[in-house]
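Novice: Here is how the chains run, residue by residue.
2 protein chains.
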Amino acid sequence: MNHVLIEAKSKAYKVFINTGLRSKIGEMMDSIMESHVSSVLVITDSSVAPLYLDDVVGSFHEKLPIYTTVIKSGEASKSFEVYEQVMTKALESGLDRKSVIVALGGGVVGDLAGFVASTYMRGIRFVQVPTTLLAHDSSVGGKVAINHPLGKNMVGSFHQPEAVFYDTEALYSLPEKEWRSGFAEVIKHGFIRNHTFLNWLQEEVTSFEELPVELVNQMLEKSLAVKANIVAEDELESGVRAYLNFGHTLAHAIESESGYGVVTHGEAVAIGMIFALKLSEQIFEVDLDVKRYEEWFKQLGYNTKISNQLQVSRLVTKMQNDKKAEAGTIRMVLLRKIEEAILIEVPPNTIEQLLVEQMEVEING
Amino acid sequence: MNHVLIEAKSKAYKVFINTGLRSKIGEMMDSIMESHVSSVLVITDSSVAPLYLDDVVGSFHEKLPIYTTVIKSGEASKSFEVYEQVMTKALESGLDRKSVIVALGGGVVGDLAGFVASTYMRGIRFVQVPTTLLAHDSSVGGKVAINHPLGKNMVGSFHQPEAVFYDTEALYSLPEKEWRSGFAEVIKHGFIRNHTFLNWLQEEVTSFEELPVELVNQMLEKSLAVKANIVAEDELESGVRAYLNFGHTLAHAIESESGYGVVTHGEAVAIGMIFALKLSEQIFEVDLDVKRYEEWFKQLGYNTKISNQLQVSRLVTKMQNDKKAEAGTIRMVLLRKIEEAILIEVPPNTIEQLLVEQMEVEING
Ligand SMILES: NC(=O)c1ccc[n+]([C@@H]2O[C@H](COP(=O)([O-])OP(=O)(O)OC[C@H]3O[C@@H](n4cnc5c(N)ncnc54)[C@H](O)[C@@H]3O)[C@@H](O)[C@H]2O)c1
Ligand SMILES: NC(=O)c1ccc[n+]([C@@H]2O[C@H](COP(=O)([O-])OP(=O)(O)OC[C@H]3O[C@@H](n4cnc5c(N)ncnc54)[C@H](O)[C@@H]3O)[C@@H](O)[C@H]2O)c1
Numbered sequence: 001m002n003h004v005l006i007e008a009k010s011k012a013y014k015v016f017i018n019t020g021l022r023s024k025i026g027e028m029m030d031s032i033m034e035s036h037v038s039s040v041l042v043i044t045d046s047s048v049a050p051l052y053l054d055d056v057v058g059s060f061h062e063k064l065p066i067y068t069t070v071i072k073s074g075e076a077s078k079s080f081e082v083y084e085q086v087m088t089k090a091l092e093s094g095l096d097r098k099s100v101i102v103a104l105g106g107g108v109v110g111d112l113a114g115f116v117a118s119t120y121m122r123g124i125r126f127v128q129v130p131t132t133l134l135a136h137d138s139s140v141g142g143k144v145a146i147n148h149p150l151g152k153n154m155v156g157s158f159h160q161p162e163a164v165f166y167d168t169e170a171l172y173s174l175p176e177k178e179w180r181s182g183f184a185e186v187i188k189h190g191f192i193r194n195h196t197f198l199n200w201l202q203e204e205v206t207s208f209e210e211l212p213v214e215l216v217n218q219m220l221e222k223s224l225a226v227k228a229n230i231v232a233e234d235e236l237e238s239g240v241r242a243y244l245n246f247g248h249t250l251a252h253a254i255e256s257e258s259g260y261g262v263v264t265h266g267e268a269v270a271i272g273m274i275f276a277l278k279l280s281e282q283i284f285e286v287d288l289d290v291k292r293y294e295e296w297f298k299q300l301g302y303n304t305k306i307s308n309q310l311q312v313s314r315l316v317t318k319m320q321n322d323k324k325a326e327a328g329t330i331r332m333v334l335l336r337k338i339e340e341a342i343l344i345e346v347p348p349n350t351i352e353q354l355l356v357e358q359m360e361v362e363i364n365g
Numbered sequence: 001m002n003h004v005l006i007e008a009k010s011k012a013y014k015v016f017i018n019t020g021l022r023s024k025i026g027e028m029m030d031s032i033m034e035s036h037v038s039s040v041l042v043i044t045d046s047s048v049a050p051l052y053l054d055d056v057v058g059s060f061h062e063k064l065p066i067y068t069t070v071i072k073s074g075e076a077s078k079s080f081e082v083y084e085q086v087m088t089k090a091l092e093s094g095l096d097r098k099s100v101i102v103a104l105g106g107g108v109v110g111d112l113a114g115f116v117a118s119t120y121m122r123g124i125r126f127v128q129v130p131t132t133l134l135a136h137d138s139s140v141g142g143k144v145a146i147n148h149p150l151g152k153n154m155v156g157s158f159h160q161p162e163a164v165f166y167d168t169e170a171l172y173s174l175p176e177k178e179w180r181s182g183f184a185e186v187i188k189h190g191f192i193r194n195h196t197f198l199n200w201l202q203e204e205v206t207s208f209e210e211l212p213v214e215l216v217n218q219m220l221e222k223s224l225a226v227k228a229n230i231v232a233e234d235e236l237e238s239g240v241r242a243y244l245n246f247g248h249t250l251a252h253a254i255e256s257e258s259g260y261g262v263v264t265h266g267e268a269v270a271i272g273m274i275f276a277l278k279l280s281e282q283i284f285e286v287d288l289d290v291k292r293y294e295e296w297f298k299q300l301g302y303n304t305k306i307s308n309q310l311q312v313s314r315l316v317t318k319m320q321n322d323k324k325a326e327a328g329t330i331r332m333v334l335l336r337k338i339e340e341a342i343l344i345e346v347p348p349n350t351i352e353q354l355l356v357e358q359m360e361v362e363i364n365g
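Order-wise, the sequence lines are chains A and B.
Positions 1 to 365 (UniProt numbering) are the ones given, in order, by the first sequence.
Positions 1 to 365 (UniProt numbering) are the ones given, in order, by the second sequence.
No wet-lab data here; the hints were simulated from the structure.
Among the hints, a few may not be true.
Said to hold, decoys possible - List time: in silico SDA-like cross-link candidates among lysine to any residue, alpha-carbon distance up to 20 Å:
hint, chain 1, residue 1, chain 2, residue 2
1, B, Lys-89, B, Asp-54
2, A, Lys-152, A, Glu-84
3, B, Lys-11, A, Ser-238
4, A, Lys-98, B, Gly-123
5, B, Lys-24, B, Lys-72
6, A, Lys-11, B, Asn-153
7, B, Lys-9, A, Leu-236
8, A, Lys-9, B, Lys-337
9, B, Lys-98, A, Ala-242
10, B, Lys-337, B, Asn-303
11, A, Lys-9, B, Ala-12
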């Protein structure tokens, strides 16, 4: 079966990509797990459960005890409260160290369920069954986390899944907004590591309506190959893995200032990438053809401007408090050219100026 | 300086043992940390803070930002609630990925602070400054955790400290009960790996009054050497590390059934060790001289009988639900002879019978 191999230092595992995969997970688990599985807890959310939970549970053919728990759909579920609730469910179900957690859903379910797996009895195995396009990114690489009221993903760990089962069929129930959100991370992988792929995307994807499933499979393989590469080089984010943060420093600030859920992650990343491209042009005195990319983004329905509801000074402060930053400084991933990322410290002044330029102009002021 | 080297697979670090060490931590940190430290958060508890917090903070000579947080003394602080509170404190203090957490206290502080360190921004560095005898065990080996209402240490991870600073002077403010609790783990190390050490302990320690500090230093080094050995062989508890659980299967059940805090951990482990010795004699048909050990335990003030307030059937159920067990079975560490531990599955019946024999007899029934 089509797959991408992730060779993290702590563990190697496969990302299987195929249509209809959700109904084969139970059978495939046998060959994937190196040792006995005593029971399974499937964690999913309230939007995904009615669509795909039965298929996943059914795929185990009652060969071992399966428990399920459904969290509320949405970012708010990545909380201490829900974390504790899921732990309670795991204990009540009698999960032991040989049990496996199945994360069925988007990045929210994956991050939460992964963090539960990484800390339940000091760590048990889990598999990812991503159901959003964005989750092609979040389900791979082992970063798991919940949010703290004072910051997103502030509490978490590194815990690699045993396997990722990507059922591309499941993507077709996603609203367009979620395609757009996930596609930003696909583009990002092109920008930081694969110019050819980026060009191909620009040719092939000009709308999210009726994308053929073969194209989606191919796109995911290419995009995941970039991530696989980077994770293999630097599992624990002490070096090149930071490049995956391209577009994210501003995106995190925008998400946090807007209130989570107002803009999707990918929408914010799109704005952040345009910003990072402009900043790169300015700092390295190169021409990256930003205009053309911005047009493409607009064609795909992205807003590339920063909402005028937001305050530049507050965005700058948030960027200084980013998890990747040492207190006070702003470190960003920029491009010296397409495919050539670099992590550098940028003076807050420079950032502030360029942010002002990217603000949405109020027309009926 | 006297130290024991811990060579875990994921990291090697030293346990420094000396009197007055708490006032030197700040200075020693410089030479221990491989990279820049941006700030420090000292986590301690309400009994330890008035005694030693100033010394530790003072040892940094205001060379970098130091924050402190004091949790309530006692097992109840290993909770989700306190975990979240300490995370809040860490975020409010602006800790970043270069910050270091200092765990100043007994096993409760060490386990909680270590779990915070392991999950704050997906893991930052921490050092252990144990102040109880029991913490000679808990501060080494990287097992960190909080409790869930449904089970002790159910939520946690493996996260090794950068160093352990053991100030033996600080032990002298401990109540006798806490010496007794910690000493059970010292004895355990003798039982599972070092008969000579066990004999030496039996000679040298017959009361906890006025133990000379040199003897305590020596005892800690020997005891830690056993733990170091085992952790080096098996950091993640997939094999021999389970031997450290000698006496603990029953102890956990007793603690949980009594309500935490009623018996200390070590008092419960003492009962558990006598039980495991008797069971070993029975199963392997050997003579381990249990009577003599039981006498020594009594001389030291341990109660070796199971309280008749407890129900045997409930203890058995709890032993079946132990974190180390696969659901339903009872696996215990026994001794084929002193110094020769083995992990085996014991039929619940056999356990039940022997538990009845070890129950306290009600005299004024
Ligand atoms: N761990 C990482 O490396 C990493 C990387 C990027 C993002 N993330 C995290 O991922 C999260 C965002 O992920 P997301 O965008 O997938 O959000 P999400 O999980 O909230 O999913 C988006 C929405 O789509 C719904 N949904 C999911 N699958 C569906 C389907 N097949 N059909 C219809 N509806 C479906 C969900 O219920 C939700 O309402 C954020 O919390 C972010 O921090 C993590
Ligand atoms: N991580 C591990 O490998 C491991 C191993 C064994 C035990 N543990 C954990 O350790 C905990 C028990 O540790 P503990 O026995 O140190 O308990 P503790 O931390 O509660 O300390 C016992 C009591 O002594 C007080 N105290 C601490 N130092 C003092 C001092 N120098 N002078 C006066 N009073 C002092 C404390 O405030 C507390 O009231 C349990 O939660 C147990 O699960 C962990």
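Novice: Each hint should be assessed against the structure and marked as holding or not.
Specialist: Evaluation of the provided hints:
| no. | hint | verdict |
| --- | --- | --- |
| 1 | B:Lys-89 with B:Asp-54 | holds (19 Å) |
| 2 | A:Lys-152 with A:Glu-84 | holds (18 Å) |
| 3 | B:Lys-11 with A:Ser-238 | holds (16 Å) |
| 4 | A:Lys-98 with B:Gly-123 | violated (25 Å) |
| 5 | B:Lys-24 with B:Lys-72 | violated (25 Å) |
| 6 | A:Lys-11 with B:Asn-153 | violated (25 Å) |
| 7 | B:Lys-9 with A:Leu-236 | holds (16 Å) |
| 8 | A:Lys-9 with B:Lys-337 | violated (40 Å) |
| 9 | B:Lys-98 with A:Ala-242 | holds (16 Å) |
| 10 | B:Lys-337 with B:Asn-303 | violated (24 Å) |
| 11 | A:Lys-9 with B:Ala-12 | holds (18 Å) |
Hints 4, 5, 6, 8, 10, counting from the list given before, are not met by this structure.
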